[in-house]
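Asker: Let chain D serve as the given structure and place chain U on it in line with the hints.
In case you want the letters, here they are:
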Amino acid sequence: MNSTNQKNYHASHKPVIWSLFAAGGTVTALLLPALIMLMALAVPLGLMSADLFSYARIQDLLSNPLVKLAVFGIIFLSLWHAAHRMRCTMHDFGVRADGVVAILFYGVASVMSLILAVALFF
Amino acid sequence: MKQYNGHFIRPADKYAWYLKKPRYIPYMLRELSSLFVGLFSCILVWGLYQHSQGEVAFNAWTQLIWNQLFWLNLLIFVFAFYHSYSWFMVTPKAMPIKFKGKRVSGVTIIGAHMLLWLIASVVVFTLFVIGA
Numbered sequence: 043m044n045s046t047n048q049k050n051y052h053a054s055h056k057p058v059i060w061s062l063f064a065a066g067g068t069v070t071a072l073l074l075p076a077l078i079m080l081m082a083l084a085v086p087l088g089l090m091s092a093d094l095f096s097y098a099r100i101q102d103l104l105s106n107p108l109v110k111l112a113v114f115g116i117i118f119l120s121l122w123h124a125a126h127r128m129r130c131t132m133h134d135f136g137v138r139a140d141g142v143v144a145i146l147f148y149g150v151a152s153v154m155s156l157i158l159a160v161a162l163f164f
Numbered sequence: 371m372k373q374y375n376g377h378f379i380r381p382a383d384k385y386a387w388y389l390k391k392p393r394y395i396p397y398m399l400r401e402l403s404s405l406f407v408g409l410f411s412c413i414l415v416w417g418l419y420q421h422s423q424g425e426v427a428f429n430a431w432t433q434l435i436w437n438q439l440f441w442l443n444l445l446i447f448v449f450a451f452y453h454s455y456s457w458f459m460v461t462p463k464a465m466p467i468k469f470k471g472k473r474v475s476g477v478t479i480i481g482a483h484m485l486l487w488l489i490a491s492v493v494v495f496t497l498f499v500i501g502a
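These protein sequence lines map, in sequence, to chains D and U.
Each residue of the first sequence is one higher than the one before, starting from 43 at the first, in this note's numbering.
Each residue of the second sequence is one higher than the one before, starting from 371 at the first, in this note's numbering.
Bear in mind the hints are in silico, worked out from the structure with no lab data behind them.
Please read these numbers as outputs of a predicted model, since none were measured by experiment.
Backbone N, C-alpha and C define an ideal beta-carbon position, used for all residues, glycine too.
Do not rely on the hints blindly, as some may be mistaken.
Straight-line distance between alpha carbons at most 25 Å, and here's what the computed SDA-like set of lysine to any residue pairs gives [stated by the list, open to error]: (1) K110(D) with R380(U); (2) K384(U) with F164(D); (3) K56(D) with G136(D); (4) K110(D) with F447(U); (5) K56(D) with L146(D); (6) K56(D) with M398(U); (7) K463(U) with Q433(U); (8) K463(U) with D134(D); (9) K110(D) with G424(U); (10) K463(U) with P57(D); (11) K384(U) with M398(U); (12) K110(D) with Y419(U); (13) K56(D) with M132(D); (14) K56(D) with A464(U); (15) K110(D) with W431(U); (16) K468(U) with T68(D); (17) K110(D) with A490(U); (18) K391(U) with R380(U); (19) K390(U) with V137(D); (20) K110(D) with F164(D); (21) K463(U) with V474(U).
Simulated DEER-style distance windows between Cβ atoms [said to hold, decoys possible]: (22) D102(D) with K468(U): 40 to 50 Å; (23) F378(U) with I157(D): 48 to 58 Å; (24) Y97(D) with W441(U): 22 to 32 Å; (25) S105(D) with A382(U): 34 to 44 Å; (26) L488(U) with L87(D): 40 to 50 Å; (27) R99(D) with V493(U): 13 to 23 Å; (28) Y97(D) with A382(U): 49 to 59 Å; (29) N50(D) with S475(U): 21 to 31 Å; (30) L103(D) with P381(U): 52 to 62 Å.
Pulled out of the complex, with its shape left as it was, chain D reads as follows (with noise of 0.2 Å):
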């Protein structure tokens, strides 16, 4: 082998926010609409009833773990594929400080986990 034909791979952190990214593009697709639909407008449109949203019964929802790893994972996918998402249309709108762009969205993505994991577990 001639040396000069050798490529020069290198570590990058592109595989691990674009997996993220569609990961998270899948999970939101099935799951955010009817989510908004039942915490934000089943109740101000009359079709649930808001009792069933009492702090007693989120607290009975949650007391499962599964259910708890389900909303962090549910919650936790949307914000970085929209984190990721967002960095991309910046761009598209003409900002060209990607660097500037990517860590005030992976900060607030980073900051938002923090805080739901902490409000879920601790």
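Answerer: Then chain U, alone, in the frame of chain D:
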């Protein structure tokens, strides 16, 4: 025309190019759906945080999202719905499937995803109402 290394560059409006052709608009709306997806994720994180702070804090959150934030949530729902729709419409390109050596048709792949979306939505409501 501008030149770069001897190549001509087509001048493009960096900030408003997507307004030039009607077919760019759905693309931009699709990408922009992520802003609303992110916003609602943050609203849910906020609600779970409020829940961890006790009953008064949690009830304040539900009252706020059901009253003052109702129209915002409706807008979020429209964009989230468009995200789902557009996400599943590209699945034949993003995830081509072969079955017994033959390519599965795009309509079948899209249909299967839409059906899965419907089932997942029903499951979310059912689990919430009966209490998982």
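Asker: Give a verdict on every hint.
Answerer: Okay, the hints, checked on the actual structure:
{"no.": "1", "hint": "K110(D) with R380(U)", "verdict": "violated, 52 Å"}
{"no.": "2", "hint": "K384(U) with F164(D)", "verdict": "violated, 46 Å"}
{"no.": "3", "hint": "K56(D) with G136(D)", "verdict": "holds, 22 Å"}
{"no.": "4", "hint": "K110(D) with F447(U)", "verdict": "holds, 23 Å"}
{"no.": "5", "hint": "K56(D) with L146(D)", "verdict": "holds, 17 Å"}
{"no.": "6", "hint": "K56(D) with M398(U)", "verdict": "holds, 23 Å"}
{"no.": "7", "hint": "K463(U) with Q433(U)", "verdict": "violated, 43 Å"}
{"no.": "8", "hint": "K463(U) with D134(D)", "verdict": "holds, 22 Å"}
{"no.": "9", "hint": "K110(D) with G424(U)", "verdict": "holds, 17 Å"}
{"no.": "10", "hint": "K463(U) with P57(D)", "verdict": "holds, 19 Å"}
{"no.": "11", "hint": "K384(U) with M398(U)", "verdict": "holds, 14 Å"}
{"no.": "12", "hint": "K110(D) with Y419(U)", "verdict": "holds, 13 Å"}
{"no.": "13", "hint": "K56(D) with M132(D)", "verdict": "holds, 18 Å"}
{"no.": "14", "hint": "K56(D) with A464(U)", "verdict": "holds, 18 Å"}
{"no.": "15", "hint": "K110(D) with W431(U)", "verdict": "holds, 19 Å"}
{"no.": "16", "hint": "K468(U) with T68(D)", "verdict": "holds, 20 Å"}
{"no.": "17", "hint": "K110(D) with A490(U)", "verdict": "holds, 18 Å"}
{"no.": "18", "hint": "K391(U) with R380(U)", "verdict": "holds, 16 Å"}
{"no.": "19", "hint": "K390(U) with V137(D)", "verdict": "holds, 18 Å"}
{"no.": "20", "hint": "K110(D) with F164(D)", "verdict": "holds, 12 Å"}
{"no.": "21", "hint": "K463(U) with V474(U)", "verdict": "holds, 11 Å"}
{"no.": "22", "hint": "D102(D) with K468(U): 40 to 50 Å", "verdict": "holds, 46 Å"}
{"no.": "23", "hint": "F378(U) with I157(D): 48 to 58 Å", "verdict": "holds, 50 Å"}
{"no.": "24", "hint": "Y97(D) with W441(U): 22 to 32 Å", "verdict": "holds, 25 Å"}
{"no.": "25", "hint": "S105(D) with A382(U): 34 to 44 Å", "verdict": "violated, 55 Å"}
{"no.": "26", "hint": "L488(U) with L87(D): 40 to 50 Å", "verdict": "violated, 19 Å"}
{"no.": "27", "hint": "R99(D) with V493(U): 13 to 23 Å", "verdict": "holds, 18 Å"}
{"no.": "28", "hint": "Y97(D) with A382(U): 49 to 59 Å", "verdict": "holds, 53 Å"}
{"no.": "29", "hint": "N50(D) with S475(U): 21 to 31 Å", "verdict": "violated, 42 Å"}
{"no.": "30", "hint": "L103(D) with P381(U): 52 to 62 Å", "verdict": "holds, 56 Å"}
Consistency with the previously given hints fails for numbers 1, 2, 7, 25, 26, 29, ordered from lowest to highest.
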